[in-house]
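These protein sequence lines map, in sequence, to chains A and B. Under this note's numbering, the first residue of the first sequence is numbered 546, with each subsequent residue one higher. Under this note's numbering, the first residue of the second sequence is numbered 546, with each subsequent residue one higher.
Calculated directly from the structure, the hints in this document are not laboratory data. Any given hint could turn out to be false.
[What the hints assert, rightly or not] Think about it this way: if two alpha-carbon atoms lie no more than 25 Å apart in a straight line, the pair counts; the simulated PhoX-like pairs of lysine-lysine are: (1) A:K555 to A:K585; (2) B:K609 to B:K555; (3) A:K609 to B:K609; (4) A:K585 to B:K564; (5) A:K555 to B:K555; (6) B:K564 to A:K564; (7) A:K564 to B:K585; (8) B:K585 to B:K564; (9) A:K609 to B:K564.
If you want the building blocks of each chain, they are given just below.
2 protein chains.
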Amino acid sequence: MRATIFVTLKADVLDPQGKAIQRAAASLGYRDVAQVRQGKLFEVTLDAPDRAAAERLLREMGEKLLSNPVIEDYRIDRIEDAKPTAR
Amino acid sequence: MRATIFVTLKADVLDPQGKAIQRAAASLGYRDVAQVRQGKLFEVTLDAPDRAAAERLLREMGEKLLSNPVIEDYRIDRIEDAKPTAR
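The shape of chain A in the complex, shown without the other chains (with noise of 0.2 Å):
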């Protein structure tokens, strides 16, 4: 199977990288750009028995390895169906 993590920042938490981005954008003549956020996501292919067990591995995922919990939100996007590819 295969699902998408997205990791942000919490809201009251500073982002300077994003801020960064948003005057390189206003710098390049995008001034209609008000704010950029950055966030991390992973693609990630797993072999689980069925949905929920997919959604258990990968919440645990998301909270144990891919997250900073103090200062970082997770969540789950759409889990496929797919069989792993090898690489």
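Chain A is already provided as a structure; the job is to place chain B on it using the hints.
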């Protein structure tokens, strides 16, 4: 308006960071995680007269500012009407 832009490595580009996360997951006991690919996301708040103008601006930003089109793809996710918030 608000939108999210996803920037991901093209499928044929190696992702050592994602590989490291997959190995870290395995060493934590998550052996069913077959593959992880890491990408970036940008939550953009912008002033635009309409959806078409917003999409045009977001496409330009995705191409020229936020992604490296040689190795990365970008995708614009759901443009929502929302007042820009000062920060």
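Quick rundown of the hints versus the structure:
1. Of the pairs offered as hints, the one joining A:K555 and A:K585 holds, with about 13 Å between alpha carbons and a cut-off of 25 Å not exceeded.
2. About 16 Å separates the Cα atoms of B:K609 and B:K555, which keeps this hinted pair within 25 Å; it holds.
3. Between A:K609 and B:K609 the CA atoms are separated by roughly 35 Å; this puts the pair beyond 25 Å, and the hint is violated.
4. Proximity of A:K585 to B:K564 is assessed by CA-CA distance (about 15 Å); at most 25 Å being required, the pair is judged to hold.
5. Annotation: proposed proximity of A:K555 to B:K555 is violated, straight-line Cα distance about 28 Å (limit 25 Å).
6. At roughly 29 Å between alpha-carbon atoms, B:K564 and A:K564 are farther apart than 25 Å, so this suggested pair is violated.
7. Between A:K564 and B:K585 the CA atoms are separated by roughly 15 Å; this keeps the pair inside 25 Å, and the hint holds.
8. Note on B:K585 and B:K564: the hinted pairing holds, with a Cα-Cα distance of about 16 Å set against a maximum of 25 Å.
9. A hinted pair counts as satisfied when its Cα atoms are at most 25 Å apart, and A:K609 with B:K564 qualifies at roughly 17 Å.
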